[in-house]
Every structure is written in structure tokens, then in C-alpha cells.
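Asker: Let's have the full structure, built from the sequences with the hints guiding it.
The primary structure of each chain is shown beneath.
Protein chains: 4
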Amino acid sequence: MSPTAILLLHCPDRTGIISDITRFITENNGNIVYLDQYVDKQEGIFFMRIEWELAGFLIPKEKIAEYFQTLYGERLQMKFSLHFNDIKPRMAIFVSKMSHCLYDLLSRYESGELNVDIACIISNHEDLRFVADQFGIPFHVWSIEKDHSNKYEVEQAEIELLEKEKVDFIVLARYMQILSEKIIRAYPHNIINIHHSFLPAFVGARPYHQAYERGVKIVGATSHYVTEELDAGPIIEQDVTRISHKDTPESIAMKGRDLEKIVLSRAVKKHVECKILSYNNKTVIFG
Amino acid sequence: MSPTAILLLHCPDRTGIISDITRFITENNGNIVYLDQYVDKQEGIFFMRIEWELAGFLIPKEKIAEYFQTLYGERLQMKFSLHFNDIKPRMAIFVSKMSHCLYDLLSRYESGELNVDIACIISNHEDLRFVADQFGIPFHVWSIEKDHSNKYEVEQAEIELLEKEKVDFIVLARYMQILSEKIIRAYPHNIINIHHSFLPAFVGARPYHQAYERGVKIVGATSHYVTEELDAGPIIEQDVTRISHKDTPESIAMKGRDLEKIVLSRAVKKHVECKILSYNNKTVIFG
Amino acid sequence: MSPTAILLLHCPDRTGIISDITRFITENNGNIVYLDQYVDKQEGIFFMRIEWELAGFLIPKEKIAEYFQTLYGERLQMKFSLHFNDIKPRMAIFVSKMSHCLYDLLSRYESGELNVDIACIISNHEDLRFVADQFGIPFHVWSIEKDHSNKYEVEQAEIELLEKEKVDFIVLARYMQILSEKIIRAYPHNIINIHHSFLPAFVGARPYHQAYERGVKIVGATSHYVTEELDAGPIIEQDVTRISHKDTPESIAMKGRDLEKIVLSRAVKKHVECKILSYNNKTVIFG
Amino acid sequence: MSPTAILLLHCPDRTGIISDITRFITENNGNIVYLDQYVDKQEGIFFMRIEWELAGFLIPKEKIAEYFQTLYGERLQMKFSLHFNDIKPRMAIFVSKMSHCLYDLLSRYESGELNVDIACIISNHEDLRFVADQFGIPFHVWSIEKDHSNKYEVEQAEIELLEKEKVDFIVLARYMQILSEKIIRAYPHNIINIHHSFLPAFVGARPYHQAYERGVKIVGATSHYVTEELDAGPIIEQDVTRISHKDTPESIAMKGRDLEKIVLSRAVKKHVECKILSYNNKTVIFG
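Protein chains in written order, with my numbering: chain U, 1117 to 1403; chain V, 1117 to 1403; chain A, 1117 to 1403; chain P, 1117 to 1403.
No false leads were slipped in.
Repeated chains share a single entry, so a pair holds when one copy, or any two copies, can fit it.
Quick list of in silico lysine to aspartate or glutamate cross-link-like pairs, EDC-like style, CA-CA up to 20 Å:
(1) K1362 <-> E1389
(2) K1157 <-> D1363
(3) K1398 <-> E1366
(4) K1282 <-> E1389
(5) K1386 <-> D1355
(6) K1386 <-> D1363
(7) K1371 <-> D1156
(8) K1391 <-> D1363
(9) K1385 <-> D1363
(10) K1385 <-> D1152
(11) K1391 <-> D1152
(12) K1262 <-> E1242
These are computed hints drawn from the structure, not numbers from a lab.
Answerer: Laid out in C-alpha cells, this is it:
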């Protein structure tokens, strides 16, 4: 894997953007290895993900963002982020009592499938410490009182830890607490949650019980970025599985767990590979 | 296909029901060709579908319901319906302007896949008369005023037609009007609708636009029995298809049409084959 | 829908192709409305579909191919085809006795979903003449003897008709005859077949029976371009559905028919929209 | 969970079997909590799974098999197996170098989802010892020479271990060796394999590479019982996922791993719950 730069950008649509940007890279000796773009015609916005090899590129790595901003960013009213494939993002995982999503993430991490560093696992319960221990990852517990009286100070402590650990993004792997604004605002489009329903159906608590009550024939799971409105952030990935009248809330939950872990891991992978652009509370997912 | 009787029943669960009923049939010389049962343990209710060949059955066809009621129905507090596979139910189809569900139903009917008689097609628009003409099926149009001022008399006329035509059940094949209580009550659990979303997500109007706005990654279609509450009746069948950020409301609608017609036709087939039992606003679907 | 030109091309990969081609279009005043490209890194081949509005484009429509060939085609060893969205391709449909795929295609055509002209329907049986009549499309029958003794002359007559009717591409909508080389060579990558299995499983005759015998839990359907090797051409689209031990060959075939018609129609749509590039017996499908 | 007995049986079909068997249980005071049956009409065979509570059942647990054989088994030419839900089967897992299926099984075991005892993990490589250690499960390694010269003695040692450990069934969790007859015959219908293709497509080695070469649009995974013919045993469960021309053999393998682990675990669960009956190289899977 040779070192590459990845540019994720969006701007008002106009003619010539693609040819401008590809020229910028090829004239500076960059070999484009990935290009995907999309135009939202209703909104008139151009989106692009472009990746090129850094070997031989004439602009030094640390100057690329500045040059790009000067030459194109301002003129084209562009918002962009620049990433390098040889810098691993640092991930924190929040869990409560259920282990399936955590095991799925950790076993992918262990086998090298997830190109991240795991800074720590944070929980409101001791239950999953043994899993963290199995994989040798620091595990921090802050219990939250039932009346939430200590929630503010817990989140304060968590934020301090996240900053100290230089965490880039957070994965809520069936974390059964609602995050407060403070932490959400500290990580915009960098907190990924798994909700165990096919959103927007069954927002909120106990979605499998809701599904059972309504008598649906298919249930789903949804991974999304966390925003201040509950279960309403930009959807990253969804998947579904069939159920029947024979299913109980318990058997639905069991089938659902297989969805949850796969759908969450897919979202984490897309995020880590810089293949997601968020806009207007939606996501553009590059292939 | 030899003549069979089909019994659909439910009653409070207790031991011995299966052995009672199978004995009733086998001791009277009936050869059971299908048996499926299900117990809802939460509610304590027993559900069954049993089908047997009439050739050699000792109880005359027209006496079976009476005997069964006397011998078991009362004692076991049973609700049951009795059907015969050689009596085709009579179906009416309601349509508006879109042809895909109508064509799908009619082409299955034409090829012998749907074991029904189609009594008539009813519409609030002239648009699809040519389809009815292609298949030689009576087409009746009653325009409904925008202010719904004539809705009462239109439905009155429709009910008279349905009665005259001895219609057993109604299929709303993308009929863009809400039926009033009168007609719903005349056909309890005998009106099948297709809603173009994965219910309970996106109830009501323009679900594909709602899906587009929310940025979901999967859309669905739902067939259900019509009850007085809009899009809230017992779900019969659902299916889904993937979409992406590249999809517009128009392309979502196009993909959705393929779901709608398949999901509606599956529901109609299950209904015609007496494989659906409704209970507590849910359905038990026998395999 | 404003008039557009569509360029489908592939060539050996090298740097600068995208910027060359997009510059060609934008410098000549074309507004790009679609661009998708893909590089097969194993083979070192670049693939592209690009579409732009013709209004205001400086090169006259009838000169575009020549200019593009002169300026880029030769230098880049490019193979390309040029299409215009306001010229409808002419389609011929071959059928035998089963109506489901034919009805599906015709009802989409009728509703305007398929942007084609249907030149004619060709069959080896009279059975589906009534469907052609329902839609007012010319229907031609040539019976083929069981010993295939007249197959050569039948295909000769068919080719004459196809030429006379200026047919651009052929759809085999469950046509139960194997085409000979002559007709296949006359329409390279322009004959679309639907095979009722998940290829490469169950090549050849009676795939649903084969699936039943093998005891698979999922069956599929595959649309592909026809090549001289049976059921081995480039795959365009596949889909699957679950079955169980309860399914008979007949019920599998019934479920399969729903797959076949959807999978065939999707392939026809992709073909008509010039979104398929064939290479090395595979397809690149643009989104 | 109260103690239950589970009877899995098949016999030639005739009238009265269901009523005979249900009477046997209810007359002896057993409360039936599960009944599912199926008739293969082509072969004339009746299949049944019936489960009842042992509390209050008049026949002692250890006598049930004998009584059932005497009263029904012989007369009805029945083959049956009797299981008790409070006796956990003992499972051995065979692995090579890939960890995803192993982690999936172990994390389900850890969370109590799989009602088994894991006797041991057996491998031909040291690579996954650390996973076994994480979960505290005995790990045994026997290297097999490239020329297979020691295969016989390795399998002999494995069989001795399996016997010593009283192993009931074996799961091949991406074990990259072909078992010899000896071990297959020792565990008829008790060795579950995961094959990383949608069988019968792509039998044998490197199925993802084969899928890539063929250009399929969907890949699958298949769990099946191991028989002496390679990849040809009774299929238990299959699932599929979409791929596109953009996928490389590596990305197909990555997507496939998610299928493999889910499809294998589902099969193991069905096996452990005594919901699989094998017959004629097919499986009947009870719901």
C-alpha cells in the first residue's frame, strides 16, 4: 500500500470542477488511484472523493491543504477535508452490557481489517471489562446515576480522556445512554451509533418490542452519525432481515444482533476509509 | 388438483387440540394434505390451518361447518372459517392512474397463477380503461370531486356494484383514495392495500419523497389489510430494495414500483390460498 | 429532458485521461451531467461513461465521433461508442410460451418506463400472440422442427426481418431455443437473455429442477449477454429469493418467475440507458 | 426454561401419524410446546419435530425412546432421534488461520447464545492459539505435512481426542484441509462446514477468485453437512451479498467473511436446537 492523499470535498456545482481538480493533481505529478463524484441536482451541489499517490507528487504533504485552498477552495466556495492513508485515526468505543458489536469490532481490528488505533473502551458498566482485557485495550468505567445527577461530570471526565487520548472519532457499540450536547458538539460527524431498527421506524426505546407489537415482517438496523436530535442524524448504512409471526421479541432481538454488528462495522469501515460525506442531514457514500 | 376443504381457526390454547382435530378428520376418512399450527404463547392462542381431501370424506361438504362447530367449535371457543379449493373467490380491483400493479395482477390471472375470478375493476379515473379492455374485464369509473362532496354516493354505488357482483374481497392496486368506514366495515379483513413504504416508516402521502428527504439507504413496500386507521392495518407482506444518495425521488419511485407489484401480488396469493389469519392487528401467515 | 450525448469508452489506463476528456467537453461548451469511471487495476484498463448536454456544444452532433476519434481515440488506443438520448433504440423480443417476462416488458413500455421502440415480437409458438395483440405489436411465428431441420432457414428469415426492422438489440424473454452462431454474431453484446438460475450454478435445462434436487436454500435468476457458449456470456444482473424444503419444483418456478421478470427488465433498462460496458466476458455497470 | 424432550422423526407417509403421536404425548400428560411437520409428497415421506415438557410426563425420561420405538417406531417404520433440552451437546471447532468464524462462534458462546459446551479447538496451525487462549478453551495443533504423509496418523490422533472429549459434533470454521473418510464416517450428519460460495457454484478451491473471474454480481456462502463428496453434502443455510465490477478478489473475500460467519453460526444454532433433519442429501429445517 503506497502512501496516498485523499480529498473529500463539496461545493456549488458549476462546469469544469472535475477537469480543474484532476489537472491540479496530474500536473503536479500525482497518480490518481480513485475518483468518484456526484452531483445533487436538486440542491446544485458537487461532491467528490479523489485519492492519489504521494510518491513523486510535487507539493509537499504538509502544504497540500494550503495550496488547494488557495488555488481552488476559495474560488469554488469549497469545503474539503484532506486525509492520508498512512495516518490511522484513533477510535474510542462506548459500550454498556451487550458484547456482540464490541466483539465484532475487536475481532476485525485484531485481524487487521480495520485500519484504526483503538484508544480506549468507555462504559457505564463493568460487565464488558473482560472483553477489553481479552484484547488488551484500556477499559474505563463511569457509572451514571439513575437520576442522571452525575451525568455532567461523567461526560466532562470522558471528554478529558478523549482529548488526552487524541481520539478522532467515537463508536457507540450499543451504548445505552443518550449523549449530551457537549460531547456531540465536540465530535461533529464523528460519532457513529447503531440503532436497532430500520429508521425512521421505531425511534427510541425498545424498537424490537415495537416491531413485535406492530407485526412487521422485516426488521432492520441503522448506523448513523449522532446529532442532537435522537436517532435522527445522517444515516450511513442500513440492513434488514425477515421475521415472521413465530418470532418473539427475544428471537427478533437475537436476529437483530447479527444485523447490528454487521451494519455498525460497515459504517465504521466506511468512515475510516474516508468514504462518507455528510450534507443536509444525509450522507454521500462513495463506493 | 383434487377437491379439498381448508379450515382456518384460532382458539384459546390448551392441550389436545391438534390431536382432537386431526382425529376428527382422519376418523371421518379425510386425508390430511396440509397442517400447520402456531401458538402465540404471550397471548395463549392456538392457530391452525388444516386441509384435507374431500374424496371419501364421510361428512357431506355442506355439513362440515355445522358438525365441526357442534363437536369442537363451541367446546374449544373456536373461531373458524371453512373454504373449498374448488370455489374461486371473486375479486374486485380498485385503481387510479398507475398501471404497474394492475398489469402484474392481470398477467398472473391470465396465466392461471391466481385462482380467482375478477369481477370488475373500479377507478376514480378513466386512465386505465385501456388495460381493462386489453384483458376484457368490466371497468367502472366514478369520479370523486376534489371536495369529496360526492364521496358518500360514489361509495354507495360501489358497494351496490360489489354486492351485485358477489365480490368476496377487494384489492387496492395503488388506489389513491382513502376508503370510508362504510366500505371498510363491509369487507373486514377482505381489503388488501399496497402502501409504498416500509411501514410503519413513512405513513401517509408521498412516502418516496419522505424517504428521499430522510436519506434512508433502503426503501420498502407493505401490503396490509385495510382498517379504519390509515396505513395501520395488519401487515401481510413487506419487501425492500437498496437505494443510494444518487437516487432521486423519481428513481426511488421507479425502483419502488417493482417492489409494490411483487409485494401486492404475494399478499393476494396468500389471501386467495386461505393462508392468512388475522388477530390483534397482526397476521399469522401459513407457509 | 434536454438532448445529451453519451460516450462509453475503455482504453489502457494512464494518467490524465479524465482531465483530457472532461476538458474536451467543457472547452467545447458542453455541460457534463454524468461522469462515472472505473479502473480495472489488475488488467490496467480505464472505463468511462460521460454524458453532456448538446445545447450549445460547439461540435456538431454528427461530427462528435470523428473529432473524438481523431483527438483522443487513436492516441489513447480507445474503444468507444457514442449515443444520443433522443434516439430510441429498436428492440425485438423473442418468446416461447411463458408470458410473465413479456408482460413485464410490455407494461413498462406502455407506461413509458422503457425508452425504446419495440419493432416486433418473434416466437416459435402461437401461444403468446394474444399478448402481442393486446399491446398492438407485430407478432411473427416460425415453428422450429423438433429435429431442428429447419432451424437454419428460420434464423435466416428472422435475421432478414430484424434487418428490415432496423432492430438494434434483442431480448430473449424466456425464449426456449438456443440461438445459432449466425444470429449471435450479428448482434454482439446486443442480445440479452434471462436464465432462470443463479449462474454459474445450474447451467442448461430445467435449472429449477436442478435446484430442487440439490436442496439449495436460495434460488436466483441471471440476465446476461448471449455469446456462443451456452449460459456463459457476460452477466448483467442477478437476484435471488429464499426457498425452503417445503418448496416443490413448481413452487420454486413460481417464485423464480418474479425474479426473472425483474432481473430481465433491469438489464434491458441498463442496456437502453447505455450504462453497460462489456469487457473480458464481464460487464462494467455504471450507476 | 423448563425441561423438554424433542423428537425428530421421519417415516413413510400415511394417514393418522400426527394424531397418533400427539395422542401418545397428551395421553401421557405431556404438554406439547412445539410441533412442526412436513410431508415430502414426491417421496412420500413424513417428517416431524415435536417438543413437550417433561414435568408431569408419565413415562420416565430414560424410557421414552424405548416406549416410542415399541409403540410407534416399528409399526410406522420410523427413524427417530430423541433429545433433551437440558443436555448440552459437546462441540469441537476445527480452524486454520482465519479468525472471523472462530471469533463469531466464541463470542456467541460467551454471551450464552449457543447452548453448547466447547470441548476443544483443533488446528493445523499455531496462528489462532491466542484466540483460544483469550476464551480459555483448549487448543490442539497437529501440523499436516504438505505431502499429506502424516495425515492418517493426525486424524487418528484427532479422533482419539474427540472420543476422549465425548464430542458430539464438529464445526469446520474455515478449516482448510479436506477431512478423510474415517473422520467423516465417525460423525455422520454431525460435521458442519462453511463453504465460501453459493453452492453448487464454485465448488473447490478459491471460490472468491472463481466468482471474480466469472463476473457474477452476487456472491454467497453455504453451510452444509460434510459428506465424502467434496462440497456436496446436505445444505443447511445459505446467504448472499451484492458485489460489483469494482470489487477485487480481496474485497469480495472481505464481504464474504461477513456472510461466512453469520451463515455458519446460523447452521450451528439450528443444529444445536435439533431443528435439522437430513434426508436424501437434503435438509428439512424446522422453523
